[in-house]
Amino acid sequence: MKEFKGNVLFLDRSDINTDEIIPARYLTEIEKIALKPHLLEDLKIHGFDPKKDIEANSMIVTRANFGCGSSREHAPWALEVNGIQVVIAESFARIFRQNMFNCGMPAIELPENEINEIFNIFSNDKTHISLDIEKGQMTLQSEHQTRTTDFSISEFDKALIQTGGWVEYADQHY
Amino acid sequence: MGKTIAEKIFETHLVDEPFGDVSVLRLDRVFCHEITTPTAIQDLAARGKDRVFDPDKIKVVIDHVSPAKDSKTALQGKILREWAGRNGIKDFFDIGRNGVCHVLFPEKGFVRPGFTIIMGDSHTCTHGAFGAFAAGVGTTDLEVGILKGVCAFKKPETYKIEIIGTLRKGVFAKDIILKIIQELTVNGATNRVIEFRGKIVDEMNMDQRMTLCNMAVEAGATCGICLPDMTTVDYLWEFIKDQYHDKKEAFNAFAGFRSDDDADYAETKTIDVSKLEPLTTYGYRPDNVKPVSEMKGTKIDQVYIGSCTNGRLEDLRIAAKVLEGHIISDHVRGIVSPATPKIYVEAMEEGILKIFMDSGFCVTNPTCGACLGMSNGVLAAGEVAASTTNRNFNGRMGKGGMVHLMSPATAAASAIKGEISNSSLFIGN
Ligand code: SF4
Chain X
1 MKEFKGNVLF LDRSDINTDE IIPARYLTEI EKIALKPHLL EDLKIHGFDP KKDIEANSMI
61 VTRANFGCGS SREHAPWALE VNGIQVVIAE SFARIFRQNM FNCGMPAIEL PENEINEIFN
121 IFSNDKTHIS LDIEKGQMTL QSEHQTRTTD FSISEFDKAL IQTGGWVEYA DQHY
Chain R
1 MGKTIAEKIF ETHLVDEPFG DVSVLRLDRV FCHEITTPTA IQDLAARGKD RVFDPDKIKV
61 VIDHVSPAKD SKTALQGKIL REWAGRNGIK DFFDIGRNGV CHVLFPEKGF VRPGFTIIMG
121 DSHTCTHGAF GAFAAGVGTT DLEVGILKGV CAFKKPETYK IEIIGTLRKG VFAKDIILKI
181 IQELTVNGAT NRVIEFRGKI VDEMNMDQRM TLCNMAVEAG ATCGICLPDM TTVDYLWEFI
241 KDQYHDKKEA FNAFAGFRSD DDADYAETKT IDVSKLEPLT TYGYRPDNVK PVSEMKGTKI
301 DQVYIGSCTN GRLEDLRIAA KVLEGHIISD HVRGIVSPAT PKIYVEAMEE GILKIFMDSG
361 FCVTNPTCGA CLGMSNGVLA AGEVAASTTN RNFNGRMGKG GMVHLMSPAT AAASAIKGEI
421 SNSSLFIGN
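Those protein sequence lines, which keep their order, are chains X and R. Quick note: the working numbering has the first sequence finishing at residue 174, numbered continuously throughout. Quick note: the working numbering has the second sequence finishing at residue 429, numbered continuously throughout.
Read the hints as simulated data drawn from the structure, not as lab findings. Remember, it's a predicted structure, so these values are computed and weren't measured experimentally. Hints should not be assumed to be uniformly reliable.
As the list claims (entries may be wrong) - Below are the PhoX-like pairs computed for lysine-lysine, each with C-alpha atoms no more than 20 Å apart in a straight line:
1) R:Lys290 / R:Lys169
2) R:Lys417 / R:Lys290
3) X:Lys36 / R:Lys72
4) R:Lys160 / R:Lys8
5) X:Lys135 / X:Lys158
6) X:Lys2 / X:Lys135
7) X:Lys32 / R:Lys72
8) X:Lys126 / X:Lys52
9) X:Lys5 / X:Lys135
10) R:Lys169 / R:Lys8
11) R:Lys155 / X:Lys158
12) R:Lys275 / R:Lys179
13) X:Lys44 / R:Lys399
14) X:Lys158 / X:Lys2
15) R:Lys169 / R:Lys3
16) X:Lys32 / R:Lys78
17) R:Lys354 / R:Lys342
18) R:Lys399 / X:Lys36
19) R:Lys155 / R:Lys8
20) R:Lys321 / R:Lys354
21) R:Lys169 / R:Lys199
22) R:Lys154 / X:Lys158
23) R:Lys417 / R:Lys321
24) R:Lys417 / X:Lys51
Said to hold, decoys possible - Residues from chain R shown here face chain X by an in silico Cβ test under 8 Å; the list is partial:
25) Thr73
26) Leu75
27) Gly77
28) Arg86
29) Gly120
30) Thr139
31) Gly283
32) Arg285
33) Leu372
34) Met374
35) Arg391
All residues carry an ideal CB built from backbone N, CA and C; glycine is no exception.
When you get a sec, could you build the whole thing from the sequences and use the hints?
Okay, here's the thing in structure tokens:
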């Protein structure tokens, strides 16, 4: 099973929508890579600067209803071309969550209190996460703290990550 | 235990249950537009799978940016056009025949009760107004839909919303759905189907039901759905009259999909709309909703009447009724976009477009345009729009712009006043 690990970008707000992840004005792009400079361009969170804070991170930890709004798969693509492969949140909008797994990228849900704890303990420090999809376990690590958390992921979502996405799976099976 | 309409549609379309909680469904329709489909087409081609499962079940339109505004949007149209051509897709609607997808496709008779429909567009939930299971999907799901005619869904729970009472004059389906989103919040119905029920829904025509279902996704829902009834049959009759003896027979065929009385719902809510007054949004989330009366005096720069939420003939009629004999404020730019050519022609024949133009509105061709801030009325930073569309996200109609969502009546009244204002049709309080 593919390994997922890297440094964390904390986005401390609920309901971050796909217009904030990648604005509609870039939907005329046909190549994914053209989305790269525009990820989270319209997101206004105190202390967050998309120009500086995205680089060097490959995980996002955020709050409820991440990815609401438009169905654009440009949102996970914009993450992907910036090297962000995993989003961990209290909850996701349905289409965004499915788009992530369809691209072979995990969208992991944790209970509200666990997300609160993680924000409390880690969000002010440089934090690293490694994900064990098979075991359903993640390890968070900062200079001062280490924490292990279980998560659940359906067999279908695992299969999508394993086969490299839904197109190949569906073409083989249906 | 009885079943909901969504459960019945799932059962009749089930192809596979590969992992327990996932249902792979056979699709009756795959709808496509030029923003999300070209990337799917190119990925399929790159995988050596440039095929379609059934050209007759795929319906295609160029609607988001039409006419093309630059080389990039022209290329999106070109990719779609050539793909439809080489795959024998006959129902392809290009400029001159095109309109906003969720208005055009029902108008063409492509939606039927009990259908499963996907599209790479979150407002696909609109088609639930006909008693179909219609869901927005991303590009990968769309690719698989195009290639194999299937899509995977988690078994949806249903949230039943009963709408009762008597609607006051000047209060519309748009106000009802804003009220529902306010109560449910933006993720109150995530992974659920909203079933709209009750006397008010029974009395609505199809245009109003589409307005209701259109915004179900703003509460997170997979689909909004109304039960098929005689109103549905009447709307569809011109398309189905060869298949059934009479309307009664058609109704009986569709009635099989109606939810059973003893169906099981995840949650039920009753909303009495008797006291409802016209509503509008204030922040950057569609559940930030207030009565128009509390937003009075909010200055606006642009009014937009159109979109898949409120660009239908009835919407234009209502707005024209408010506008007739008035000139819009001289600091407001008024833009109206009839959602399809048919609506455009009917509005022209009824004299509605003249009323709009006499009042100072610009009438544009059918397109999504300003709704998603790509063309046809993009806002400048700091500008404020009163709009009949469905999303008020930060930057939605242009970077740094603010959007207030409202009914066509309120939008027209606000255009005259130059600030957010109740229409003369509403005699409340
Ligand atoms: S009118 Fe607006 S919401 Fe509707 S399909 Fe077009 S862009 Fe989307």
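Tested hints:
no. : hint                : in the structure
1   : R:Lys290 / R:Lys169 : 18 Å, holds
2   : R:Lys417 / R:Lys290 : 19 Å, holds
3   : X:Lys36 / R:Lys72   : 17 Å, holds
4   : R:Lys160 / R:Lys8   : 15 Å, holds
5   : X:Lys135 / X:Lys158 : 11 Å, holds
6   : X:Lys2 / X:Lys135   : 12 Å, holds
7   : X:Lys32 / R:Lys72   : 14 Å, holds
8   : X:Lys126 / X:Lys52  : 14 Å, holds
9   : X:Lys5 / X:Lys135   : 15 Å, holds
10  : R:Lys169 / R:Lys8   : 37 Å, violated
11  : R:Lys155 / X:Lys158 : 18 Å, holds
12  : R:Lys275 / R:Lys179 : 11 Å, holds
13  : X:Lys44 / R:Lys399  : 12 Å, holds
14  : X:Lys158 / X:Lys2   : 10 Å, holds
15  : R:Lys169 / R:Lys3   : 36 Å, violated
16  : X:Lys32 / R:Lys78   : 19 Å, holds
17  : R:Lys354 / R:Lys342 : 16 Å, holds
18  : R:Lys399 / X:Lys36  : 18 Å, holds
19  : R:Lys155 / R:Lys8   : 11 Å, holds
20  : R:Lys321 / R:Lys354 : 12 Å, holds
21  : R:Lys169 / R:Lys199 : 16 Å, holds
22  : R:Lys154 / X:Lys158 : 15 Å, holds
23  : R:Lys417 / R:Lys321 : 15 Å, holds
24  : R:Lys417 / X:Lys51  : 42 Å, violated
25  : Thr73               : 5 Å, holds
26  : Leu75               : 7 Å, holds
27  : Gly77               : 10 Å, violated
28  : Arg86               : 18 Å, violated
29  : Gly120              : 6 Å, holds
30  : Thr139              : 4 Å, holds
31  : Gly283              : 11 Å, violated
32  : Arg285              : 6 Å, holds
33  : Leu372              : 5 Å, holds
34  : Met374              : 6 Å, holds
35  : Arg391              : 7 Å, holds
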